[in-house]
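Student: So you can see what is in the structure, the chains are spelled out below.
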Amino acid sequence: AQSVTQLGSHVSVSEGALVLLRCNYSSSVPPYLFWYVQYPNQGLQLLLKYTTGATLVKGINGFEAEFKKSETSFHLTKPSAHMSDAAEYFCAVSGGWDDKIIFGKGTRLHILP
Amino acid sequence: NAGVTQTPKFQVLKTGQSMTLQCAQDMNHNSMYWYRQDPGMGLRLIYYSASEGTTDKGEVPNGYNVSRLNKREFSLRLESAAPSQTSVYFCASSGGGTTLVYYEQYFGPGTRLTVT
Chain A
1198 AQSVTQLGSH
1208 VSVSEGALVL
1218 LRCNYSSSVP
1228 PYLFWYVQYP
1238 NQGLQLLLKY
1248 TTGATLVKGI
1258 NGFEAEFKKS
1268 ETSFHLTKPS
1278 AHMSDAAEYF
1288 CAVSGGWDDK
1298 IIFGKGTRLH
1308 ILP
Chain B
9 NAGVTQTPKF
19 QVLKTGQSMT
29 LQCAQDMNHN
39 SMYWYRQDPG
49 MGLRLIYYSA
59 SEGTTDKGEV
69 PNGYNVSRLN
79 KREFSLRLES
89 AAPSQTSVYF
99 CASSGGGTTL
109 VYYEQYFGPG
119 TRLTVT
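Heads up: the sequence lines are chains A and B, in that order. If you count by my numbering, then the first sequence holds residues 1198 to 1310, one letter each, in order. If you count by my numbering, then the second sequence holds residues 9 to 124, one letter each, in order.
Treat the hints as calculated values from the structure; they're not laboratory data. Any given hint could turn out to be false.
As the list claims (entries may be wrong) - Keeping only pairs whose Cα atoms sit at most 20 Å apart, straight-line, the calculated EDC-like set for lysine to aspartate or glutamate is: (1) B:Lys17 / B:Glu81; (2) A:Lys1297 / B:Asp64; (3) A:Lys1266 / A:Asp1282; (4) A:Lys1255 / A:Asp1282; (5) A:Lys1246 / A:Glu1285; (6) B:Lys65 / A:Asp1296; (7) A:Lys1302 / B:Glu60; (8) A:Lys1266 / B:Glu60; (9) A:Lys1297 / B:Glu112; (10) A:Lys1302 / A:Glu1285; (11) A:Lys1302 / B:Glu67; (12) A:Lys1255 / A:Asp1296; (13) B:Lys22 / B:Asp64; (14) B:Lys65 / B:Asp34; (15) B:Lys17 / B:Glu60; (16) A:Lys1246 / A:Glu1212; (17) B:Lys79 / A:Asp1296; (18) A:Lys1255 / B:Glu112; (19) B:Lys17 / B:Glu87; (20) B:Lys79 / B:Asp64; (21) B:Lys65 / B:Glu81; (22) A:Lys1297 / A:Asp1282; (23) A:Lys1297 / B:Glu87; (24) A:Lys1297 / B:Glu67; (25) B:Lys65 / B:Glu87; (26) A:Lys1246 / B:Glu112; (27) A:Lys1302 / B:Asp34.
Claimed, not checked - If you want a taste of the chain A side facing chain B, the calculated C-beta under 8 Å gives, among others: (28) Ser1206; (29) Leu1241; (30) Ser1291.
As the structure is a computational prediction, the values presented were derived from the model and not from experiment. Note that beta-carbon positions come from the ideal geometry of N, C-alpha and C, so glycine has one too.
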């Protein structure tokens, strides 16, 4: 079985500052890991994913995440926040290509001018 | 490609009324899903269909029924709406097809449902 914990339901950062959104997972099998973004009044859009191979994965809009098996973490980072990054971010885990995806409860990112 | 489409975008129901939320995808995906999103709860899976002709319960199926009409379409029905079903409903699909990727889910824009 898989589960996801996102630390912090709300995170505020200043424009230009580092963005760090934390995600820890639990999985009984090698996990597939995802970050999705949801802009206001829209559906979810895939930011990036880890399946196998390189543990540092790059996504759209300058975001990246690193899979750390020893820490069961998949934190999302961006070096310099932009106002347009204000959205809700969901970490998710799956047990494999044919398994259901389990979503975290989400972290709302606020960007301060 | 339109991707995943949902109708209606907004709906207000009175307690006890019924309605069907429609979802269609044009990516030839095998699997389709219905989620509900509530503040602070993330996305919770209501029902899913791993392939045409099959449906299975998710985490919160009570009060809902689904139909996988064909490979493209997956509908969600509320037989007797309750205020607790006020939520935003998302349909998603995954599984090969034109996207060539089996594990990613593609989401529709959502239906905002209010039950009074």
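Student: Each of the hints needs a verdict: does it hold here or not?
Tutor: Tested hints:
1. B:Lys17 / B:Glu81: Satisfied, since the Cα-Cα distance of roughly 16 Å is no more than 20 Å.
2. A:Lys1297 / B:Asp64: holds (11 Å)
3. A:Lys1266 / A:Asp1282: Not satisfied, since the Cα-Cα distance of roughly 27 Å exceeds 20 Å.
4. A:Lys1255 / A:Asp1282: With Cα atoms ~16 Å apart, A:Lys1255 and A:Asp1282 stay inside 20 Å; holds.
5. A:Lys1246 / A:Glu1285: Measuring from Cα to Cα gives roughly 17 Å; hence the hint holds.
6. B:Lys65 / A:Asp1296: At roughly 14 Å apart (the allowed maximum being 20 Å), A:Asp1296 and B:Lys65 satisfy the hint.
7. A:Lys1302 / B:Glu60: violated (29 Å)
8. A:Lys1266 / B:Glu60: Given pair A:Lys1266, B:Glu60 is violated - Cα atoms ~36 Å apart, limit 20 Å.
9. A:Lys1297 / B:Glu112: Distance ~10 Å between A:Lys1297 and B:Glu112 Cα, so the pair holds.
10. A:Lys1302 / A:Glu1285: holds (10 Å)
11. A:Lys1302 / B:Glu67: holds (14 Å)
12. A:Lys1255 / A:Asp1296: violated (23 Å)
13. B:Lys22 / B:Asp64: Not OK: B:Lys22 and B:Asp64 at ~28 Å, beyond 20 Å, violated.
14. B:Lys65 / B:Asp34: Violated: B:Lys65 and B:Asp34 sit about 24 Å apart, past 20 Å.
15. B:Lys17 / B:Glu60: Given pair B:Lys17, B:Glu60 is violated - Cα atoms ~25 Å apart, limit 20 Å.
16. A:Lys1246 / A:Glu1212: violated (25 Å)
17. B:Lys79 / A:Asp1296: holds (19 Å)
18. A:Lys1255 / B:Glu112: holds (16 Å)
19. B:Lys17 / B:Glu87: holds (19 Å)
20. B:Lys79 / B:Asp64: Distance ~15 Å between B:Lys79 and B:Asp64 Cα, so the pair holds.
21. B:Lys65 / B:Glu81: At roughly 17 Å apart (the allowed maximum being 20 Å), B:Glu81 and B:Lys65 satisfy the hint.
22. A:Lys1297 / A:Asp1282: violated (27 Å)
23. A:Lys1297 / B:Glu87: Violated, at roughly 26 Å.
24. A:Lys1297 / B:Glu67: holds (11 Å)
25. B:Lys65 / B:Glu87: Holds: B:Lys65 and B:Glu87 sit about 16 Å apart, inside 20 Å.
26. A:Lys1246 / B:Glu112: holds (8 Å)
27. A:Lys1302 / B:Asp34: This hinted pair is violated, its Cα atoms lying about 29 Å apart.
28. Ser1206: It holds, given that the least Cβ distance between A:Ser1206 and chain B is near 7 Å, below 8 Å.
29. Leu1241: This hint holds: A:Leu1241 lies near chain B, its Cβ roughly 4 Å from the closest one there, short of 8 Å.
30. Ser1291: holds (6 Å)
Checked against the numbered hints listed earlier, the structure breaks hints 3, 7, 8, 12, 13, 14, 15, 16, 22, 23 and 27; every other hint is satisfied.
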